[in-house]
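Chains A and B, in that order, give the protein sequences. The letter at position 475 of the first sequence is residue 475 when you use our numbering, and the numbering goes up by one with no holes. Every number in our numbering is 762 more than the matching position in the second sequence, counting from 1.
Do not take every clue at face value.
What follows is a list of derived Cβ distance ranges for each label pair [what the hints assert, rightly or not]:
1) A:R343 / B:K1089: 44 to 52 Å
2) B:R983 / A:G308: 25 to 33 Å
3) B:T927 / A:H592: 27 to 35 Å
4) A:D347 / B:P1020: 50 to 58 Å
5) A:E102 / B:R983: 49 to 57 Å
6) A:S306 / B:R983: 38 to 46 Å
7) A:D347 / B:S1166: 27 to 35 Å
8) A:S498 / B:T927: 20 to 28 Å
Derived by calculation from the structure, the hints in this document are not laboratory data. Predicted model, so just to flag it, every value in this text is computed and none were measured. Idealized CB from N, CA, C, for every residue including glycine.
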Amino acid sequence: MFLWKYYRPLFLALTFGASSMGMANTPDGKKLYTQHCAECHGKKGEGVEDEYSKPLIGDWPVTKLIHYVDRTMPDYDPDLVKGKEAEAISRFVFKTFYQKPELFQKDSKIQLARLTNRQFRQSVSDLFAQFMGTPKIDEYKAGLRGKYYNAEGMNKKKKMHSERVDPKIAFDFGKKAPYQQMNPKKFSIYWEGSILPRESGWYEFFVKSPNGFALRINKLDGRPSIDEKVTAGVMRESGTKIFLLGGRPYPLRLDYHKFDDPNASIELSWRTPVGQKEIIPTEFLFTKMVNQSYIPQQKLPPDDSSHGYQRGIQVDQSWDEAITYAALDAAQFAAERINQLARTKDDDHQRKKKVMEIATQFVRYAFRQKLSEEDANFFIKSRFNDQTPLHVSIEKIVLMTLKSPRFLYPEWQALEKKKADSYVVATRLALYMWDSIPDNHMHKQIDVDHFRNKGHIESQAKRMLQDPRSKAKFNDFMLHWLEMKTKELPSKNTKRYSNFTPALALDLRRSLFRGIEKAIWEQNVDWHNFISMPSIQFNDRMANYYGLPFPTETNTSGFIPLKSQKMGRVGLHTHPYILASHSYAEESSPIHRGVFVSRKILGRTLRPPKEAVSFSNADYDPNWTMRQKVTALTKPANCMSCHDLINATGFTLEGFDTTGRTRTNLGTKPLNLATEYLDENGNQRKLDGAKGLLQEALKSTRSSKYFIEELCKHLAKQPIQSYSDINFLELSKMLSSRKLTIKDLYLKIAMQAATDDFVFNN
Amino acid sequence: MNLNSINRRTALKNLGLSSLSLPILSQSSSLFSANADKTAPKQRLIVMFSPNGTIPNHFWPNTIGEDFEHKTILKPLEPFHDQLLILRNLHNKVRGDGDNHMRGMSCLLTGIELFPGNVMGGGNTPSGWPKGISIDREISNHLQSQPHTRTRFGALHFGVGVQDTADPWTRMSYNGPNQPVTPLSDPYDAYRKIYGNVRDKKKVRSILDDLKADLQKVANRLPESDRKLLIEHSKLVQRMDREYEAGSSLSNLSAPPPELPEGIRNLNENIPQLGRLQIDLLVNSFVNDFARVATLQYTKSVGQAKMKWLDVEDAHHTLSHEPDKNKDAHDKLVRINTWFAEELAYLLKKLESTPEPGQKGSMLDHTLVIWTNELGKGNNHTLDHIPFVLAGNGFGFRMGRSMSCENVPHNRFLLSLAHAVGHPLKTFGNPKLSAGGPLILG
């Protein structure tokens, strides 16, 4: 499609000769703008509420802008402004503010913001971990360790028969014993280990069995999470709900016994935040049993996401109450365990001293800096006296600390101090890299003044990069960037796509996030390899559905890498999970895919449509391809202002069906996958299918710049203009020219943002 | 007596009552059902449980009738003599799966067999949960089904030193087959359940002034342009302070809840104090009419509490298995059971000294308290002669005496309880064991 229409004004100008340009009667763009445009777009392009409320900014080339203004503006009378006048206005707009979003940023400095929900949970968990020990899995042996016992009488552990590692808990023993030599009527199995989920959110754990069982998730004392030891031999399934932070391990214990029941079987499943139930895959189970963590279970109202990323820029009653209940729960938890936390006993005559010490440390970690004498008195010393039992003092201190603005508003330190000091840098590094508080290593370094020169700080940041919390936060960013947070598992018409089961969809999701995690954190890929996704994780089920040779090696996760080429993949955005998530139940959706790729991969600007027009297959000739239908629907100029971009990108992916399988024809018609694409600089390009799209993404600085900006917003949760040290353009050039890996980028942004107004001591 | 052939008339004859008393009984039961309205006298039931059997010759009065004597264990209850009914010769005749402790506990209030299952006891066959509902839940459901006896909770289940595990030794109340009811063993949790998070709100309020001061301090140290969010936050703190101060549902209560002392952990040595806190909460919930049925469970069947406050260092269940000739063990067990009687006396005293709201008499006049046990005696595990000490006039029974139940199954006693609240069941638990209908206790 030759976009003649964009070039017509230029052509006309040339035809009429140079003399007609630059004459005194060249229309005054500014004047015309004020006359015809300002009432909806604002005098300075800032927008007008109830009219066009957003600033007049974008990434169109000026030729497209001229064309659009000519054809469609002002919207109450599109014929009012045409030809030269349209051009003059467009050039004025383009030069003055269209390409300068920074003019409209109300906030361009670091704002005081409260902890987002994720930051609150991570911070509280890490606060307690300082005293309970940070659970770590250093030996990654997958599965759960099972001890098999013969039972007799009241002794469930009469004699251990065997010990082994079980990759999953899904057994049907029928009337037999797990081992031939065991007593088939009376036996017990005790499984223990840890579970390490990838995503944060609400989890449900289920045990299904006709026998007796008790399950403990992150709970080594007190009542089990599920207590179903007693049974009459009838099959039942019990569940328990718990909030877990992703990227952290939790102890898991499952006690199981058969005692004269007619049959024996057991299944351990979970339902992850994405909402689908499955037997817990081996990938998330480890034989080492870690100690438990404190994870706040309180439901928190959603954070403000109006700026495109989660921010703590608003407080209201529901938040205040939720935080208060969370603080009360934490206070009770601490009060019940002071001996454990302070490593003391009831009869220890140093008990009070030890308890006061941990209280001091607790407040110091929470407030992210050493306390002044005055503050130490106010927050700690004054809460202890001879009439108050120690645990009541601890309760008050925890309550006061977690509700304090010094904990809840992490940037307060920086804003209070005229000059950023080591504590500010440490606070920001921990907040940006981990969504959490500085750990005791960092406090120690600051105590010995080893946190002021660039080398020291950088080596701390590098250490922090290796900590699982960095990976966890990046995984969270991926969910956000790929728009997977609120999306359900893709599901298709069961008649036409009967093999596209929820189990397959879950596998695809795992394949995607596993692949990304491995690429970034193990292989340390650069932008090029990240976007082009040369390798894809696949398993039996995927091989079966996508017609691939079955995996020949095995490992505990069931997934092994495959050259993406062999599966016809051309880039991260062609991973079947992404394609399937951006499709209808029966058909592909070039519109959804086009919007996703344009915004997220190419970093282009797309506003929501002015009019919502629904797409109905039935409106079109059934012999038409999706491309033909969408082209017809989006033909009007109003639609084309965005659909030129959406269609140009979306149609290139028509070589993949709704479940991401490759295709070259639609029925008897060969697919046309070539499109005309107008880049942000006004250059017209031909994209030959998905390959051309990928090349465009790799070449474009806008693509990498958008990624960096989004990453920065996610890390810092502040307007990116606040950080004068960060040169986004330079970083994107480094990224595009393969001089920086994604992991390095993470570190670099965090370092630059955290040390933005800090004066290094050299 | 052949249990199967006994009928109501015969039983009455044997109990010394003529059939003349029958019409009176049926009339009185209609009094409690059809014509009752909200201002009618309330009926309440409390079941108190202590484990491991009693010491029969220091417990059971020898005399049947009004002049029964108070032996050592029942001595603390002497002040309540006129309101006591000691039921002798009443047996737990439920057989089937499970050992005596399990059946003693889980068939005590259900009167029905346990499912065959996977829990192995000290003998006999393994079992699961009971096959039916317990009488406390049955009565509570009945009262809840009628608007004039309905209360906020119906029934509340309190525990003292109950372990965090669910099995037929730790549960005595059941909502139905396979449906154990977990007692609230933590008085702080019980308080929260009954009164909401009043204590929590108090805790929060106690730090709000300091929080306000700190917010002010922090806000003042920031440049003015950054204070906006903190100012909003301060307003929220003010709001919470006002809201939490305006008190709560507590101001509408007939009786404010007891002040719980802080931090009494669920430890063996705190059992006496925990018991008293639970009793206080129980009585208070009755005064506020939040429930009409309550259970108070001390530890569990085979409970191994060490009553150090009685100078007993040995574990309860272990002691209970000592042979009769072990005088030391014998004495200790008597002391232990006497202590339980003292706790019962504390409960009764509280009820007696609280006037019944809107009626004549005390709360004890409108309540029936049952003190019972899972075994008749610890060392022989007998399910015969289960201790049943009744106190209070709430169910219209004839109190102030000891009575022989002529060796009938205790199901018939459970039936009496149901009938007394206007719920004329024909059987309860195992139907065969209910033959003969309710015992006439009035």
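- [ ] State the violated hints by number, sorted upward, taking the hints as numbered earlier in the document.
- [x] 3, 4, 5, 6, 7, 8
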